[in-house]
Every structure is written in structure tokens, then in C-alpha cells.
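Since the structure of chain P is provided, determine the placement of chain Y on it from the hints.
So the sequences go chain by chain: P and Y. Going left to right, the first sequence walks through residues 4 to 513 as this note's numbering numbers them. Going left to right, the second sequence walks through residues 161 to 486 as this note's numbering numbers them.
No lab work stands behind these hints, which were simulated from the structure alone. Just so you know, even glycine gets a beta-carbon here, dropped at the ideal spot from N, CA and C. Keep in mind that a hint or two might mislead.
[Claimed, not checked] Across the chosen pairs, the derived CB separations fall in these ranges:
(1) Y:Ser415 with P:Ser260: 25 to 33 Å
(2) P:Ala230 with Y:Pro225: 52 to 60 Å
(3) P:Val397 with Y:Leu315: 27 to 35 Å
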Amino acid sequence: MTGLTTHAGAILKISRRNARTMTAAALLFGALAAGSVQAQDFDADATINIGSLYEPQNLDNTAGAGQGINEAFNSNVYEALFQLNDDGTVKPVLAKDYTVSDDGLTYTFTLQPGVAFHSGDPLTAKDVKFSIERVTSAESKSSRKNSLKSIAAIETPDDATVVIKLSARSISLPYNLSYVWIVNDTATDLTATEDGTGPYQLEDWRRGSSLALARFDSYWGTKPSSADVVFQYFTEATALNNALLTGSVDIITSVQSPDSLAQFKDNPDFTVSEGQSTTKLLLAYNDRVAPFDNIKVRKALARAVDDQKLLNAVWGDYGTSIGSMVPPTDPWYIDLTKTDAYDPESAKALLAEAGYPDGFTFTIDTPNYDPHPIAAQFLQTELAKVGVTVNINVITANEWYSKIYKAHDFQATLQEHVNHRDIVFYGNPDFYWGYNNPKVVDLIQQAEASANTDEQTEKLKEANRIIAEDAASNWIYLYPQIVVSAKSVTGYPLNGLNSQFFVSGIKKAD
Amino acid sequence: MKGAAILSYLLRRLAILMVSILIAAMVLFLLLRLLPGDPANALVSVGADPEQIEAARKQVGSDLPLSEQFVGFVSSLLRFDLGNSFISQAPVLPEIGKRLAVTVPLTLMAFLLAVVIAVPLGIIAAVKSDRWYGSVISVISQLGIAVPVFWIGILLVTVFAVNLRIFPSGGFPSRGWQRPEAAFESLALPISTIAIVMSASLIRYVRSATQDVLGSDYLRTARALGASFSEALIRHGIRNGSVPVISILGIELASTLLGAVVVERVFSLPGLGSMLLLGIEQRDYPNVQGVLFVSTLLVLLVGFAADLAQRLIDPRLRDRTVGTDR
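Here chain P stands alone, though its shape is the one from the complex (with noise of 0.2 Å):
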């Protein structure tokens, strides 16, 4: 019956040219359902079609093309010496192995051998320092620059080998390089073609519309399922919804309307999956300026929201809480939701210990696009039960950046932030909160600098317990990532880290 149902659209289409067909094909899918229901029967020549809402602003992920770039292209069309794995953990792809010297500041990378750019150029140590460099360099917009700024100098001593010298020890180097396309050292204007060693090659980019990729025959590793993938873009998740359910596309990356779940959850063609994203949703406040400096408010803050009722309102059943600014998926991830948990008569009497017995007003700048200005008024009323008033504010992402990111002119502000591992924000007191404590500074600097990853996890997991508990910022919860898909398709991560969708794996049933 499954199998049926699961193939309406395909009848559908064979229907429009002949009835006899249909009936034929109705028969042969009954008899599909009835028989196996075994996976392994997908069609090695599909084009598997995925609807997304991110469009690439270019192609190239050091000028500022977004996070749609990282989507479509990360380990599809660029890879990297290693991968960060929808697991969270990092695995060596075009680094076959490397060694560390003794002091931690010395990286020998030997290259996986046999790899061809698309181009055809085979893959070399001088691509490997010349992609590096494109992300150090002064023009690059990556935000990954600052990361890999301990990077002293890379030699090449031979086509295999690539060695990284460090100024300062760098535990996250690695990590730090999954983020780092290895492209062709020849290749000019990335920003509208590509020159990378992945399963997929880009066929066309047609611009507000889609980016078809094709497979690679040279690829290196596992050959990709499918023959082919195009990402379909659209600018309305309701659009997109229509886009799955009549079967134009076959797969959504990321749903970001819950209440359109409704209609995938209850309908037997669709598969609709929960993974974790790292997309926080936090009031961040300006803690340079009072009332915010003060911790006791910011403490009373964070008990007087009732985190889980907006989760609730926003995702339903979906999403997680969180007690600070680290997600499950990171690992000094720990359980920090019962410091500052939602007790409001507790955050009552913090103000009038903080000597705002009657309150206070503020304003916190919401950028214009879901779920902040909803989250905004949720805010709004709930601070008015421990008597602060809240002003809202409603500012286009583009303003959010002059006024907030750069020069710090905000009380509060709601912010949505997808990065991954981005505790070490916290470390950094320029930053546009301001949060600044030195023994947190430390510690980050300090678990950059450990000598392996257990200690480093000790660290961080001190960092995240001291700004939980200063209340450093108000961290609401963790977005899902809630992935839909025709029933028909299968082998496409669940989890969004790094907002990446690795596609080589995905199949479509025969």
C-alpha cells in the first residue's frame, strides 16, 4: 500500500500520455508493494531535484556568497582536507594522513593521491597552499579568516606534501580547515564557475532560479548515487511547500515554516526528518552599557522568559531548549537549561536587588524576517510580568550590520546565529556584545592552544558553564533542522551543520 501511494506522482505524469500505461504501472507498483522493499533499487541516472530558500549571492565562499554556497557546493563540488561530518566530528578527505610535531606548531599533510580537479589538472601541494591562501588573504570575506590567522607560512616540499607552520598552537586546525575549499591553483573567477575535486561538477547556474550540478566521472572516492542534482530556488517557503508537494522537487534542505509541517507529517508520501541544526535563537544584550553590565539583570532575564513556551508556539513539538550559546552537536556541549531556568518571582527580586525594584525600559532592534519579530513580541510580554518594558525595533538584516555588528549603536538585540562552534564569540570582548570576562577569554585562548582535544573539551566546557552562568547573553533555544522528502528518496543528511547538504549519497527509488 506504501508503495502505491509513494508513487501517485509517478502515475500521475504517465497518466497524462496514456491510460493503458497507467494501468500497467499501477499494477507493477502493486505488485512492488507486495514484494520487496528492499532500498537498494534506485535509479543510478535521476535527477534528484532540491528546493531550498538559500540562494548563493556567488559561488565563491571568500566573497561573500552566503550561506547558500556552503549548502550547495561544501564536499559536493569543493572538498577539503578534511570534512566536518554531519556527525559533528571531523574526518581527513584530500589530507590522506598528517603529523603533528611535538610543540603543536609544525602540521605535515600527505595528499590523498589519484585526485583530478574538474578541470582536469590533477590535485597538487601548491593547490593546497594557494587555496589557503585565498582565505587569509586581505580580500577574503570569509568568516573563517580570523580562525586560521596563527598560520605563519606553508611549504610545499614536494607535489604530496604540505607543511603548516603555526606561530601559536592551534588544537582546531583541522576543524578550522574543513571550512577551506581546495581549488585549482589556475583557476580564475570563482565567483561564477568552479574548479574543485568533489563528486559533482557545476553544469549551469541560471541566477534566482537554479544551480544544476552533474556527476563527476574522475571523482576520486565513492562514485555519487545520482547522475544528477539541481538545487531549485525559491524566495517563499509557501512556494517551496507547493513545490515538494507536486512533486517538482524532491527534497526540502531546511523547513523554516513549521505550521507548512503539517501537511508532509500526515501524508504518507513524505518523509519528514528531525536533526539538530546550530542555528541559536538569542537576545544578545550590549553588555557594555547599564542596565545590561549589571549581571543580576541579566541573570533576571533569563528567568523571566519562558523559553520553552515559544519554542513551543514557533516549532510545536519540534526544536530544542538551550542553556547556552553551545548546541548538542558541539562537543563541549553540556546540559546547562536548569541555570537561570524560567522562575519569575526570582527575577522579580534580582531587579530590586539590582536596584530596579520598578523595572526598566529598553529596546531591542529585531531584524524584519521570522521567527524574530513574533519572538520580539513574545519578549515584549513577557518581560511586562516582571515590569520591563520593552520597545521594539524592527531593522532589516542589512541595517542589523551597521548599527548592531559594527558599531555596537543597540541596547538588545534578537539574533538568529547559525555558526557552528561558535562559543570562542564569547572570547572575543570586541565583539558586538561586549561580554567581557577575562577568565572566559582566557580559557578560549587556552583550549585553542591544548595539546589534544580532550583538554581542549575541558576548556570549553569551563567557558560554557561561566557564561551560562553570567548570563552573558539570553539564549532562547536551537532551531530544528527539519528536513522533508518524497518518500521515493533516501541517503540525505539530517543534521544542518554549517548549513552544509551533502548530496553524493542521495538516492532515488527506481
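Using the frame of chain P, we list chain Y on its own:
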């Protein structure tokens, strides 16, 4: 029209065209820069340090004083250089060309469909205003004007895409017009959406133009001279009635071209409108300026064409060189 008169008329129109474009460009230059924000912001993300932001501002030129930006803008304008997008770095003009390949067919086909629907219905509504179907047409067209365009789009998608699965719900085939069938299929609902809204108002114009004709002296005279009602209407009525309708058509066509923004958004079409919206969001000045430029040009050309058409139909306008400028 005499030769000299035509020439002077054309020159005058051309001058108006150029001045309109220049004024539009300058107003836009200022309006865009009055918006809070910075095009460099679309190039950076959380985690970028101040030096990176400054480098991005330098790259797009938003670190320069407004006066210097303006000089640069005007000088490239005079060289007919629309530049490259700040964000995608793609040249603006070829990108507009690709977008026009969606927007222009969409607008023209919707327009033709609207005319085909509205002209007969409008005439029937006027001639048969005493019959029930005449009134029904009037009421429905009134309703059509009141309903927002995106709502009609959503309704059509729900019925014809989601429920009946006849047409795709949105998007444009990745190979575009190389596969005309698929391209037409994906434009079917957007075209219908625009055509429905447009014909609603057109019906009312045609109806009132026809009513004017019906009450005119020349029609009565023609009938007195022995012509049947339909003969008189076809021979004299249509020609006279079409003059005001054509000027309305010109305005309608132009506004549809710009109104396609909403429809393109509802159907996720890669047209001029979506380029404009994204450009404004990201403060991508070259893209926004380029789109405005080209669409202003198109609107003015449409107005010019409507004006010429009126002159060809109405001999009384032919010798006037000033005419109705719009």
C-alpha cells in the same frame, strides 16, 4: 504627418525620454543611499572582523564620500556602463537580459490574454447591459479589481498545481527557453494571474468606452443612413472607441511590467522583479540602478508606442506635434 513635424515630434519625445531617465536615475541614487545599511554588509557574515568589513566597503566603494560616489555614478552612466553587481560580481546588463527573457514574455502574453478576454466581454457588458449576463460581467470585473494579485496567484496554485497537478506551482526550468514546453508550462499560472487582474480593469474601460460610442451622434447618423447596428458599431464604433482604450492599454502594459514583481515573487520566477527586490534588500546599487534603468526605458517606450498608435488611428491627433505626453 508631414516629415518635419514627425522629426520634431520624435526628437521631442526622445528628449523627454532622456530627461526622464536621468531624473529617475538621480532620484534612485539618492533614495538608495538614504536607506540605512551598506552594500558591504551583504558580503560579510557574523565572525568577520572590522578590517574585513572595511575591505569590503572599499571594494564596493561605499567608503567614499557621497559626492565622489555620485560623480563615479554619473560618469559611468554617460558611458552607458551599468557596471557589475556588488554581491555576485556579475555584469549587470547581461543579467538583466536573462531576466527580461522571463519578464517580457510573461508580461506580453498576460497582456494579450487580457485583451482577448476583456475586449469582447467589455463590449458585451456595454451592449447587453440590460441583460443578466451583462450585469454579471460588470459585477465580476468589479470584484476582480478589488482582489489583490497575490491572492489570485495563491488561489490558482492551490487549484491547478496542488490539487489538479496540471501546472507547476512555481519556479522556472533550469534550462529556460531551451525547453519551450517546460518554460510555457511554468509561466501558465503566472500569466493567468496577471491576465485575470488586468482584464478585470480593462473590461470596465472597454465597457465605458463602448457606452460612450453607443450614445454618440455618429453612430445614430450611421444607422439613420441605413447601416445595421453591428455594421455601424464595427465600422465606426470600434475605431472611435479604441482611442481612449489604447492609451489605457499603454498604461496597463507599463504597470504590468512593474507589477510583475509581486507575481514573480509568488511563483519564484527569476525575472526582473526578483532581481530588483533582492538588490534593494542587499543594497546592491548597480543591480537596482540597472533594473530601474531598463524598466524605465521600457515603460517610456511603451508610452511612446501607445501614443504613436493613437495618432495612426485618430486623424485628429496626427497633425498635433505635442499630443498627450506621458
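Outcome of the hint check:
One distance hint, 25 to 33 Å for the beta-carbon pair Ser415 of chain Y and Ser260 of chain P, holds here, with the actual separation near 31 Å. At roughly 54 Å, the beta carbons of Ala230 of chain P and Pro225 of chain Y sit within the given window of 52 to 60 Å. Between Val397 of chain P and Leu315 of chain Y the CB atoms are about 30 Å apart, so this pair conforms to the stated range of 27 to 35 Å.
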